[in-house]
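Chain X is fixed; fit chains G and E onto it per the hints.
In the order they appear, the protein sequences are chains X, G and E.
Read left to right, the first sequence gives residues 0 to 225 (numbering that gives the first Met the number 0).
Read left to right, the second sequence gives residues 0 to 89 (numbering that gives the first Met the number 0).
Read left to right, the third sequence gives residues 0 to 231 (numbering that gives the first Met the number 0).
It is worth saying that the hints were derived from the structure and are not from the lab.
Possibly wrong hints are sitting among the right ones.
Cut-off 16 Å, straight-line C-alpha distance, at most; resulting in silico cross-link-like pairs (EDC-like, lysine to aspartate or glutamate) [said to hold, decoys possible]:
| hint | chain 1 | residue 1 | chain 2 | residue 2 |
| --- | --- | --- | --- | --- |
| 1 | E | Lys22 | E | Glu32 |
| 2 | X | Lys216 | G | Glu55 |
| 3 | X | Lys216 | G | Glu50 |
| 4 | X | Lys209 | G | Glu50 |
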Amino acid sequence: MSGRSLRTLSIASVVAMAIYLGLVFFYAPIEAEEGFLQKIFYLHVPLAIVSLAGFVIGGLMAIAHLRTREARWDLRSYVTIHMSLIFGLGALITGSIWARGSWGHWWVWSEPTLVSFLIVMLLYATYQPLRFSIEDPDRQARYASVFAIVAGAFVPMSFLAVRLSTAYLHPRVLGSSSNLPGPMQLTFVVAMAAIGLLFATMCSYELAAKRTRILVKSRSRILGYR
Amino acid sequence: MSLLPAAIPVIPATAVPPNTGDGYVAGAYIVFFLIVLVYVAIMALRLTRLERNVRELRTRGEGLRPEEPRAQAQPTRESAQESEQERTTA
Amino acid sequence: MSSVPETLPTVGTRQAVGALLRKDLLVELRTLEAAPGMALFAVSTFVVFHFALNRNSLEGDLAAGVLWVTLLFAAILGVNRLFVADAEQGGIDGFLLAPVDRGAMLLAKATTLLAYLVVLELVAVPAFALLLAGAAVGHELGGLVAVLALADLGIAAIGVLVAALAVRTRARDLIGPLLALPLLVPVAIGAARASAPLLAAGHGGRWLGLLALYDLVFGLIAYAVFDFLLED
Numbered sequence: 000m001s002g003r004s005l006r007t008l009s010i011a012s013v014v015a016m017a018i019y020l021g022l023v024f025f026y027a028p029i030e031a032e033e034g035f036l037q038k039i040f041y042l043h044v045p046l047a048i049v050s051l052a053g054f055v056i057g058g059l060m061a062i063a064h065l066r067t068r069e070a071r072w073d074l075r076s077y078v079t080i081h082m083s084l085i086f087g088l089g090a091l092i093t094g095s096i097w098a099r100g101s102w103g104h105w106w107v108w109s110e111p112t113l114v115s116f117l118i119v120m121l122l123y124a125t126y127q128p129l130r131f132s133i134e135d136p137d138r139q140a141r142y143a144s145v146f147a148i149v150a151g152a153f154v155p156m157s158f159l160a161v162r163l164s165t166a167y168l169h170p171r172v173l174g175s176s177s178n179l180p181g182p183m184q185l186t187f188v189v190a191m192a193a194i195g196l197l198f199a200t201m202c203s204y205e206l207a208a209k210r211t212r213i214l215v216k217s218r219s220r221i222l223g224y225r
Numbered sequence: 000m001s002l003l004p005a006a007i008p009v010i011p012a013t014a015v016p017p018n019t020g021d022g023y024v025a026g027a028y029i030v031f032f033l034i035v036l037v038y039v040a041i042m043a044l045r046l047t048r049l050e051r052n053v054r055e056l057r058t059r060g061e062g063l064r065p066e067e068p069r070a071q072a073q074p075t076r077e078s079a080q081e082s083e084q085e086r087t088t089a
Numbered sequence: 000m001s002s003v004p005e006t007l008p009t010v011g012t013r014q015a016v017g018a019l020l021r022k023d024l025l026v027e028l029r030t031l032e033a034a035p036g037m038a039l040f041a042v043s044t045f046v047v048f049h050f051a052l053n054r055n056s057l058e059g060d061l062a063a064g065v066l067w068v069t070l071l072f073a074a075i076l077g078v079n080r081l082f083v084a085d086a087e088q089g090g091i092d093g094f095l096l097a098p099v100d101r102g103a104m105l106l107a108k109a110t111t112l113l114a115y116l117v118v119l120e121l122v123a124v125p126a127f128a129l130l131l132a133g134a135a136v137g138h139e140l141g142g143l144v145a146v147l148a149l150a151d152l153g154i155a156a157i158g159v160l161v162a163a164l165a166v167r168t169r170a171r172d173l174i175g176p177l178l179a180l181p182l183l184v185p186v187a188i189g190a191a192r193a194s195a196p197l198l199a200a201g202h203g204g205r206w207l208g209l210l211a212l213y214d215l216v217f218g219l220i221a222y223a224v225f226d227f228l229l230e231d
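Excised from the complex, chain X in its bound form (with noise of 0.2 Å):
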């Protein structure tokens, strides 16, 4: 990716940003029930959604690695969850003081999307961990591929299942982004798209920065030193 439009997408998240940060505290209305604890959930939901969307993505690159076993897949698949793990992590942060402030507990078992995101993220945990103990590249690369299809697939699994097992049992904890009026509704909206563009950025950086210390690391050594 060039210079240039890493720079677009740097200052276009910026702007992102700033309308997305204007739009929660000076547009969206406070909501009636929760009051203004409920501005959390533009933060934590689009965090939330991102994040599982980055892990499903870095499986659909990882199946592209696999099948024509180009390195550069295997890179972005790599970097794609390695951002997702950062941004669930966030998440389960927000989610855990939103838990905090509107049920008194840091940690709620009857919310289903923090206990399935607390199951995924523990999965993901393993995967630096898989990586960097197998010493081969190209097996290295071969094995996270399959492990990044493996846990792509079951993140659905999981939600479907947690949802399952609390439905029955207790209420929403923390309220649900459907039926939301109007200026919630475009606050919502620009929440994902300001949080999914941080997401794209953050990623780009990351790939422009291995790219070029692989291509450092080659050229030092066809000029023969480390």
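Relative to chain X, chains G and E alone:
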């Protein structure tokens, strides 16, 4: 900002009055921005290091220019693999 | 890998699976490592649960939970050992050289794991009934068998994948359980929820559906993806 009618299907918070939400909301958004800031800082560090490496390589490369064709004609198996990799990642 | 000349007979997949299965089961019968170990682990765990929960008998949710946690952990023990002998003694390389569809190894290993699980359950479920659940198990045995069967399929699919992934890594004993446990959570949910009413009173068809879906999805994925794990 007007309060919305209570027709939104959201489960009410039981015992927490709305005012104490402020701290938590601020906390959540601040945590998020801290994460992003930390990432930007790490990225800045990496990029400066990479820039330094590239500059080094450039000066070294220019010094070695007459010898480069020979070095490139006999690449080791590893660098051939890596240059193949970089061709597909570039 | 060199191409196989047409005059050489290639081995059919069913024969290959049969041969691999026979080898694995014979080795297991002679060494008696995996299956007895899993069964013993399960029984010991029931004893630990008795003391840890300070109860003489369990029913409903609690019974289902104890049973399935124990079965899953015992299964992971078996999963760990699935490819170890082959990897260490060159069995995988030997297999790769044979003119055989690689899916044969997937099927053979999955069946081996299934066999271990069946042996495990033949010991663990009566032990559970004896030690902790009493009469509750006898009532709906048919339903319980259905749940066990569906759950076993899911465990087998994921187990073979995780075993193949873990065996070539450095920390294989650690990576196996770490990968398997989160992946098996849906099986735990479906199996425990389905068993809970069986160990008390009532019915749970929805959970069987979840288990069946899980088996289908991960069975297909395992089949699609397994070849890549065997390459070298």
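Consistency of the hints with the structure:
1. At roughly 14 Å between alpha-carbon atoms, Lys22/E and Glu32/E fall within 16 Å of each other, so this suggested pair holds.
2. Our distance criterion of 16 Å between C-alpha atoms is met by Lys216/X and Glu55/G, whose separation comes to about 12 Å.
3. Simply put, Lys216/X and Glu50/G have alpha-carbon atoms about 13 Å apart, close enough for the 16 Å limit, and the pair holds.
4. For a cut-off of 16 Å, the pair hint linking Lys209/X to Glu50/G stands: about 13 Å separates their Cα positions.
When each numbered hint is compared with the structure, no violation occurs for any of them.
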